[in-house]
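**Q** Letter by letter, the chains look like this.
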Amino acid sequence: MNIFLILLTSGIAVGGIYALIALGFVLIYKATSIINFATGEFMMIGAYIFYTFTVMLGWPAIPAFIMVMAGAALLGMLVEFSILRHMLGQPTISIVMVTIGLSSILTGFAEIIWSSDFKSFPPLFPRSPIILGDVIIRSNLFWGFVVAMVTVALFAVFFKYSKIGIAMRATAGDQMASYSMGINVRTMFTTAWALGAIAASLGGLIIGNIGGVQPNLGSIGLKIFPVVILGGLDSIGGAVLGGFIVGILENIAGGYLDPYFNGGVKDVVPFIILVVILMVKPYGLFGRREIERL
Amino acid sequence: MTLLQADNLNLSFGGLQVLHDISFSVDDGEIFAIIGPNGAGKTSILNCLGGFYLQDHGTIRLDGQDISSLSPDRRAAMGMARTFQNIALFRGMTVLDNIKLGAHSYLQTGLLAAAFYWGSAHREEMRLRAEIEDKIIDFLEIEHIRKQPVSALAYGLQKRVELARALAMRPRVLLMDEPVAGMNAEETEDMARFILDIQEEWGITIIIIEHDIHMVMDISNRVMVVNFGQEITTGTPESVQSHPEVIKAYLGTKQAVAAGNS
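Quick mapping for you: the protein sequence lines, in order, are chains C and E. For the first sequence, position 220 matches number 220 in the working numbering, and the numbering has no gaps at all. For the second sequence, position 138 matches number 138 in the working numbering, and the numbering has no gaps at all.
Because the hints were derived from the structure by calculation, they are not lab data. One or more hints might be untrue.
Example chain E residues on the side facing chain C (calculated, C-beta under 8 Å, incomplete) [stated by the list, open to error]:
(1) 1
(2) 39
(3) 50
(4) 52
(5) 53
(6) 73
(7) 76
(8) 77
(9) 82
(10) 88
(11) 90
(12) 91
(13) 92
Under the rule of at most 27 Å between Cα atoms (straight-line distance), these lysine-lysine pairs were calculated in the DSSO-like manner [claimed, not checked]:
(14) C:281 x C:266
(15) C:281 x C:119
(16) C:223 x C:119
(17) C:160 x E:248
(18) C:281 x C:223
(19) C:160 x E:135
As the structure is a computational prediction, the values presented were derived from the model and not from experiment. We treat Cβ as the ideally placed atom computed from N, Cα and C, and that holds for glycine.
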């Protein structure tokens, strides 16, 4: 079997999941210009909510899935409403520090509530691997990819056609003009946080389903930075493309180079990409350049 | 009949008093201009009316209703539209999308329908689009560019799209911040004609800030002159032009005015 094809396929699958998590960053950044460093922890909380409902309470998967979205939306709105709304007009560095602090707080809460033990979900999909022509792919990864792509597509449609989606795009474009169009900009901020948290939590659910849950599951969120930087922090299309590029490159590089370096290449490659991108194209492939006529 | 009334607006940023007891009332269907030198507080007045600045004290009434502490989006929903000095269009969207956003405030559909674009929201959208296309686009002569992204348009056209978006809100009051700034003579003339037509055909009350003194004097029903955050005088263009304080504060010497008019 062709090793390149295998690495490429799993790279695409992982990339699709990265794209969904990247969406969690982009949705919030686009509307509010805040980089949410707690995105990884939103993922982790999402995974734990799913664990709570399926394993601890014995709910079936679909209602538990809905509870994850509801819980994440609630978390996102709570964070915006109780913390970030009061940070309006503060320097960027203060807001960044707040989200980093928030990530530690969420990790701490998770340890208190669910302990730091490793947990895993009940099997959601048939265990047998998926066979696509020459390539065999793990079923959890395959279905995770499918769920991620469907979610990303739904978000894209929502943004393009729904009235709230259009109002959110308007808010991202120009806040003052949006206000004067009768758009409640604050509500849009809250909505953006809710949607960003939903995207991240579903990403966390997928990751948790593949590799289990523990309080530091959120550290994967850091790996998403290269994805959003590559795609441009405010571009949904860029997030998707960035997800695929990073997923594919890290898998292929890891597959070919790991034997020479005692492993770990996979985890380094995204950050090498990050550094190169910041040097060559600091706004990413599709990001908006901040040039304003004064 | 008075549509908009401002009483004793005071505004300061830190120790700097920007507006000092500004009072005026605008009649229904009138074109009311606010003029004054740079830094006189004109845009601050507009921002207070629109709800972007909250005055330290003073009241603003729209059709008798106190709107002094309402947020900008609530005021927009009550029929207050605005165009900006630095064009504030939504870049990356087409002309039509921008105009459609103007209708955002008065679309009456529930949250769920609005979120998913079903049923009545969809029908309302369709009806609205037809109405907008027929009327506003036609009126402002931007038919040829409606599918184009706004960022690719010439400056004068962008200003016109911004005006179209404001009209799509079906406002009762339109606040215009320097609508002809940076325009050439021909574009200025077009815009002046549009403003007069908006007043005449649509019955919209217009409050305008402008540096182009000839245009203001040509189209306004009444003019208020401000300087250093204080009202100097308010009246018809003719009476304002001959006011000695105005000539001193704004227009320069008498000779310069005479030269400018000749």
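**Q** Now tell me if each hint is right for this structure.
**A** Status of the hints after comparison with the structure:
1. 1: violated (24 Å)
2. 39: violated (16 Å)
3. 50: holds (6 Å)
4. 52: holds (7 Å)
5. 53: violated (12 Å)
6. 73: holds (5 Å)
7. 76: holds (4 Å)
8. 77: holds (5 Å)
9. 82: holds (4 Å)
10. 88: This interface hint holds because 4 Å falls under the 8 Å limit.
11. 90: holds (4 Å)
12. 91: The hint holds - residue 91 (chain E) has a Cβ within 8 Å of chain C, the shortest such distance being about 6 Å.
13. 92: Nearest chain C Cβ about 7 Å off; hint holds.
14. C:281 x C:266: holds (23 Å)
15. C:281 x C:119: Answer violated: residue 281 (chain C) to residue 119 (chain C) is near 40 Å, above 27 Å.
16. C:223 x C:119: holds (22 Å)
17. C:160 x E:248: With Cα atoms ~54 Å apart, residue 160 (chain C) and residue 248 (chain E) exceed 27 Å; violated.
18. C:281 x C:223: Holds: residue 281 (chain C) and residue 223 (chain C) sit about 19 Å apart, inside 27 Å.
19. C:160 x E:135: holds (25 Å)
Hints 1, 2, 5, 15, 17 from the earlier list are contradicted by this structure; the remaining hints agree with it.
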